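First to last, the protein sequences are chains E and A.
The numbers in the numbering used here rise by one with no breaks, and the one at position 92 of the first sequence is 92.
The numbers in the numbering used here rise by one with no breaks, and the one at position 493 of the second sequence is 493.
These aren't lab readings, by the way, just hints derived from the structure by calculation.
Each hint should be verified, as a subset may be incorrect.
Only pairs whose alpha carbons sit at most 27 Å apart, straight line, appear in this in silico BS3-like list of lysine-lysine [stated by the list, open to error]:
{"id": "1", "chain 1": "A", "residue 1": "Lys81", "chain 2": "E", "residue 2": "Lys562"}
{"id": "2", "chain 1": "E", "residue 1": "Lys237", "chain 2": "E", "residue 2": "Lys289"}
{"id": "3", "chain 1": "E", "residue 1": "Lys562", "chain 2": "A", "residue 2": "Lys128"}
Note that the structure is a prediction, hence the values are computed from the model and not measured.
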Amino acid sequence: MNESLLTAPCCRQCRHTPSTPCSDLIECIDHGPVCHDDDGCRDERARRLARARRGGDGMVLFVGAGTCGRANGALTVIAKMEAYLQHRGLDVPIVETGCVGYCQREVFVDLVTADGVRLSYCDLGPDTVDEFLEAVFGRRELHNRFLLGRYDDPDGLYGDVPPLAETPFFARQTKVVLANCGVVDPASLDAALAAGGFRAAATALVTMTPEEVCDELIASGLRGRGGAGFPTGRKWKVALEQPRPQKYLICNADEGDPGAFMDRAVLESDPFRVVEGMVVAAYAIGATKGYVYCRAEYPLAVERLREAIRQCRAAGLLGRNILGSLTDFDITIKMGAGAFVCGEETAILASIEGGRGMPRPRPPYPAVSGLHGCPTVLNNVETLANVPAVVNGGAEWFAGLGCGDAAGTKVFALSGRIRNTGLVEVPVGIPLREVVYGIGGGAPAGHHIKAVQIGGPSGGCIPDELLDVPTDYGTLQELGAMMGSGGMVVMDERSCMVDVAKFFMEFIRNESCGKCTPCREGTTRMLEILTEFTERPVGDDLRRLERFRGILHLEELAETVKETSLCGLGQSAANPVLSTLRFFRDEYEAHIMESVCPAGACQGLRMYDIDPEVCTGCTLCAKNCPSGAIIGKRKFAHAIIVDRCTGCGACADACPKQAVLAVA
Amino acid sequence: MSITINGREIEATAGETVLQVARRAGIEIPHLCSLDWAPSPSASCRLCVVEVEGAPRLQTSCTLEARDGLSVQTHTPRVLKARRAILELLVASHPQDCLSCARGGDCELAGLASDLGVRRRRYVGAVKHHPADISSPALWRDPDKCVLCGRCVTMCHDVQGIGAIDFVGRGFKTRVAPGFSLGLNVSDCVFCGQCARVCPTGAIVERDQVDDVVAALADPDITVVAQVAPAVPATLLEGHSKSEGVRTMLERLAASLKRVGFDAVFDTGFAADLTIMEEGSELLDRIVHGGVLPMFTSCSPAWVHYVETHRPELIPHLSTCKSPQQMAGALIKEIYPAYAGVDRDKLVVVSIMPCTAKKFEAQDLTGVDYVLTTRELEHLWGRFGVDFAHATEQTPLDPPFSEASGAGRLFAGSGGVMEAALRTAHKLVAGKELAGDPKITEARGLDGVRRFTVSAGEAELGLAVVNGLGRVRDTIDELLNADPPVHFVEVMSCPGGCVGGGGQPYDTDAAAIKERLQRLYEVDRRSRTRRSHENSEVQSLYEDLLGRPLGEVSHRLLHRTYTDRRRGDVAAV
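All chains, please: the whole structure from these sequences, using the hints.
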């Protein structure tokens, strides 16, 4: 059933139905009806569009209910709102949206006022929603402490409210991919259509040849946003030129990097943009079947995408003869079972084919021989979400968005020790410092940033003093990091860089598919060496010697793993080690030579001492010590047996007199 | 086209990999995962990396296809360093119990460690620890020794089409295991042993029965006799002078076996001839009396086990004939005690086979006590200090099972049973011998499926030869419903037939299999008798004991029944 009013016929003269699609469908939404001239129909269509754009008649509430919003209690907020509105007898629809990007300040609630201006409120939660509702609907105070900014206000009704786009977090961003995220109802095709959706699909399918679409993409300079950064248009062209009749398109939504969540946000907040990008891509390469390979850990993304696909099918935007063209295309969602390596393109192919998700050597590249041996294009979610913008805005506009040679925008996920966590979209090539300090707000008060980890387990750490470099593919690679999918984890002086390297190495060790020797065995050995560094040397001389030999082994292993691994996962597995060794060698040396963790983060190197002057002999420390390392008689000062102490700090936490002190 | 390897220009054909070209030119590039039979390279071991002119990264030569102008260096310092580093990683997690390993002295990993100069264990850390699996009657697994090259998985999945084992787990915990990590005995394994044949280490080996045989030989009260499968002498000829034939090798083998204490040595080829008499008659009987057709051969125990476990509904199609090993075993136990004046209860029959599935068959049926693979034969020589390569002594094989026709010897290769059967069937149907050279070209070769028809008298016989279990899955249903109908199907489980069996030497590659087949064709061509029914020992056996094919005694001794062994819910086991 097609519940989309914008794609429904306006009268009997309208010939369009989902099964007999019309090439003017999209044109009709904006300027319809095209095929007949009727003022009534024109008014009706305009009315439908205005309503879809606004979200409803009268007042409307939008609640940011992506995963980040829900984690902050968005569903409770909605329930409380519903109860309140019912109690007050108010008929105000509540629309769930995705994430506007400012995750730090979720839950976001937007209010479309009766005069049609959309105000944005944030920092809401289950505890504060009542206060908000009472302020807005009780006291009619639209200006309250939750108000952050406003959207378009053509009549200047709310001149004293800052436009949201000019507030510090958003001011330096350029929203292309995220334009609709957190703004438009992700569960409504009409909302997507009203916000400009499927204009690119109509342009491409109705007015361009597949070659022209590929050429447009090549000219735009769009590069894969999933990590490797291969030029998207060139990949498409290779697939287009393959003579095989059956071709596939796969959207890679197996986002697994720790600290990366842009694909999730896009799928949750604007799934129709991804579907549209896929329709254009499928047309450009001649694919009739598409898959979205999405990790099962993203249930909300899968749910919203599934709904989007269903609505697109019902409206004839997926299926046979899309928009009256000869293009047939449909999408199947395939859920990954939680293997990180299944983000690697050949592993995805194996997984979709029903095999074990293990990479295979390339060539042949998937664009030549991919799924079931057929030409297959794999693009990341963000890449595909860029496609409509490229077609709509044109290659020249898109290329001009970036800084310098780089084209377009990139979404980064800011997390870690930073004031503003969230998703930010900036021109590719913008200096890193601009992102971290300008948008992210720098380190929390009283701390200073030490490094930024970019690119997840395949990336590297860039120290604070180098943050002025541009965020483009080449520069980041030179610094031993990589654009990756765009995860940015910010670290301050409390983070230990050896510990960070260990964290990522452990991640890779656990997630290696086990196929090729260097990755499977090499990451195990590197992790063992790093673990050795972060623990106090105990035991025999051999083990102590290993600590010193370890640094030599580590560098050699890193080289071997990098040079000889089968897939990108292994080839980049050593990057966290290599980049921290490069910029923070002194920290490694402190761990190895002096058995000291300068940041105090490595538990295994922490040591505690009890001040006998302060200790009252209450025995609490001894009772809480998990390793029996504390001795002492009741009412007498206690002492720590260093060899038994694991450095967990339970004694320090338990001591009521602060007599347990960390040393070194 | 030509490529340059280490400065030498070498001819190459399109589709060839650098690894293959180099090997042809006598440049050995170390590798653990590459396999002749793999449909596509797995490129998992990474040992075969080479430097390619103009490429920044090292590349694996097993995936690098020859192209004009390609120039590679195979043994530069950079390459050697990378290879050694990789091998050191493999060694680091290996249990290194080489002294007590089944592959001791014959291990590819140890050989490479020696070649690449790995002289110490560089990394101190975790080693693998997984439980061993000795549940199978044919194949034992020790995952700790596994280097995860994936050859066994390739053989099991891609070549044999069984899929009994696969990679399990991630990262350092990755291992190869049957479904649900249960024992091989309850898996889909059909015991073909191709996994063991290609394993570079001792991670999958045949269940070793050398000790049992040695114990029997040591017991003075026990009479130990051996039967030798036709594939074994054809294999042992490798590296010997071209003039030496299968028959001479068989007699040398007999002499050495007697030296270590065997009381008699028989030719399983004799039982192959007998199988033809029975199976050919059974086929005619089925055709004439409207029995279940097509009839499948039952010589290959892994194929029989495949039918019993995977497709039990096909059991009525299987010939009821025992395999030659079991026919020989049954007859030895029936006749030999009286013939040689020994106690039947004190008679031990050892068969020497190219096959691991025969070990299962020996446990399932009663004719044979122990099965030694071609590889275990080496260990037997080692136990008794026999320098077989230089042993020149020859002894004729022992009556009453000393003789095999050329047709019987062909059993060791794919299409051999078919060819032998047709030679005899022609006589049975048409009443006269095939004119001229009885060679049947259509049955020969290494193609996966070979279909043809022959006219015998009025009848047109539809025939098919399936080479390797890998082709069974996609062919068998088509053969069942073929029009015009197929009457007789030969299935050999292993690539090339028994000469490529799971118990064959580790260095068996596609070229070796071809050579062995040639030796079989050669011994057939030079045989005095080339048809099973001409075997004089077979003729007298029918006169003295069996009466006629498919007779009552035949049924008791030479035929068998089958069991539906379909796996239930394995997870519930």
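Hint by hint, here is what the structure shows:
no.	hint	in the structure
1	A:Lys81 to E:Lys562	holds (14 Å)
2	E:Lys237 to E:Lys289	holds (17 Å)
3	E:Lys562 to A:Lys128	holds (23 Å)
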